[in-house]
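Residue strings, one per chain:
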Amino acid sequence: MIRVQRKDFDVGAELKSLTNGNHQIGGLTSFVGLVRDIAGGQSVSAMTLEHYPGMTEKQLSAIEEEANRRWPLDASLIIHRHGRLEPGDQIVLVACASAHREAAFEACHFLIDWLKTKAPFWKLEGTPDGDNWVDSKSSDDDAAARWAKG
Amino acid sequence: MIRVQRKDFDVGAELKSLTNGNHQIGGLTSFVGLVRDIAGGQSVSAMTLEHYPGMTEKQLSAIEEEANRRWPLDASLIIHRHGRLEPGDQIVLVACASAHREAAFEACHFLIDWLKTKAPFWKLEGTPDGDNWVDSKSSDDDAAARWAKG
Amino acid sequence: MKLLYFAWVRTKTGTGEETVSPPDSVCDVADLIEWLKLRGSGAADAFSDPSLIRVAVNQDYVELDHPVIAGDEIAFFPPVTGG
Amino acid sequence: MKLLYFAWVRTKTGTGEETVSPPDSVCDVADLIEWLKLRGSGAADAFSDPSLIRVAVNQDYVELDHPVIAGDEIAFFPPVTGG
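Chains as they are written, first to last, in this note's numbering: chain Z, -17 to 132; chain V, -17 to 132; chain U, 3 to 85; chain D, 3 to 85.
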C-alpha cells in the first residue's frame, strides 16, 4: 500500500494494521525518515516538500511492486508526506513484513534506497541564509545502484 | 537501552520516546519479531521463551554497546520478551536511530543478527505432536558471521 | 502538449505549468528543450545545464532522445531528493 | 560452584540449578562435564554430544578449556534461539 499525504502518520497504528491477523509474518522491518535541524553544517528551521501529484503515486506503486517481485512479502507500506515540515517531523514511513527477517530487512532497505532516487519529491530547506533547494546526493545514487540487477 | 520482560510492548510508543525531542535524528530503523503459526511445516499453537536471567541482560547490553561502537547512533533499543506467547504475538523489538539512514539500517540489522546467536533465549514450540525445543539455524550463524570484524 | 516544472526549474521558468504547441520540427525531448530555451530568458536559465535536468513523459522517466507528441504531459525537474 | 541448566539440557538433567563441589582434579569445563556424566544418567544423556552444548562461566560464553573454580556460576545450554 502506498499513501502520499500532507498530514502526519501514526507509526504504531500503521505497523499494527500491517501485520494484524496475519500469523505467517515472522518479521516486520520499518524505517522512519525525520526532518533534521541541521544539514550540511547549516541550521534548518523548516523543510517544504514539493512533489509531482500523479507521478509520485505511480512511481511509489512501481517501487513497491518491484519489492514484492523480488522478495516474498506478506505486506508492505510506503507513506510519504509533502508540504511544510519542521525539525523532528516525520517525512516518510517504509515497512515490509515477511515470514523471515532477511526478506523484511532487504526489501525495506531497497524501498527507501530506490524511493530516494525515483520518487519525484524535492526538498526546500529554510535556513538563516534563506531557502535552498536540497541537492541530490551521489551517496543516494550509489545506495540505489546496489540493488540494480546485473 | 535494553529491556527483558514478560509483558507486551507498544511499538509506536517505544519508537516515539526513542526519537522524541532529538532533532539530529534523520532515520529510525526498527525490527519487530513475531510468533508465526507455522514452523518447519508444522502448525504452532504456542511458543514459550526460556531465558537466563542476568546473562540475558549482560549479553544484550554488550551487543548494544558494540553497535554503538561501530555506528554513530543517537539512540538504540532492544526489548525482548520471555514466557508463553501465541501466534501473532510480538517477541522482540530492535530499533536504531541515527543522523543518516545507512547507520540506522546496518546497526539494526547487526543487532537482530547478533542477538539471534548471542542472547541466551530458547524457544519451546507447542505443536500437535507435542512440545519441541527449536533448533538453532545455521542461517542465523551465517547472518551473524557477516558482521565479524576481519 | 502540457509542460510541468518542479523545484528550482519551476522557480527559474517562473511557472509550474503551461500548454505549448511547438512546431513539427520538435520531435524529441532534446528538441523541445532547445525550442523552449529560445522562447524566454527564464527557460534559457533553467535549461542552461541539461545534465542537471530530469525529464518525465506521461509520468515515466525518459532520456533526451525520447519522442514527444501532441497530448503528452512532459515534466522537467532537478534530481529528486525525497525520502 | 553453582550449575545452571537451560532448555533441553535442563529437561535431560532433570534440574535447573544445583550446587556442586567437584574434586580438585576438575580444572576446566571439559573436566567438569566428564565428572558430571559419571554422577547420573540424566547428565550422561544431556552431555552425550558435547558439540551440542554451549557453556557460560559467570554469564560469559567460554570454550571447553576454560578454567572453573569454586564460586563460579556455570551454565550449560543448547545453542540459543532467541529473537
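These aren't lab readings, by the way, just hints derived from the structure by calculation.
Mixed in with the good hints, there may be bad ones.
With the Cβ distance kept under 7 angstroms, some of the chain Z side facing chain V (calculated, not the full set) [unchecked claim]:
hint	residue
1	G22
2	L67
3	G70
4	F87
5	V116
6	K119
For every residue, glycine included, the Cβ atom is placed at its ideal position computed from N, Cα and C.
Do the hints match the structure? See the list:
1. Restraint check, G22/Z versus chain V: the minimum CB separation of about 12 angstroms is more than 7 angstroms; hint violated.
2. Interface restraint check for L67/Z: the shortest CB-CB distance to chain V comes to about 12 angstroms, outside 7 angstroms, so the restraint is violated.
3. Interface restraint check for G70/Z: the shortest CB-CB distance to chain V comes to about 5 angstroms, inside 7 angstroms, so the restraint holds.
4. The closest approach between the C-beta of F87/Z and any C-beta of chain V is roughly 5 angstroms, which is under the 7 angstroms cut-off, so the hint is satisfied.
5. Taking 7 angstroms as the C-beta cut-off, the interface hint given for V116/Z is violated, the closest approach to chain V being about 12 angstroms.
6. At its closest, the beta carbon of K119/Z sits 10 angstroms from a beta carbon of chain V; the interface hint therefore is violated under the 7 angstroms criterion.
When each numbered hint is compared with the structure, violations occur for hints 1, 2, 5, 6.
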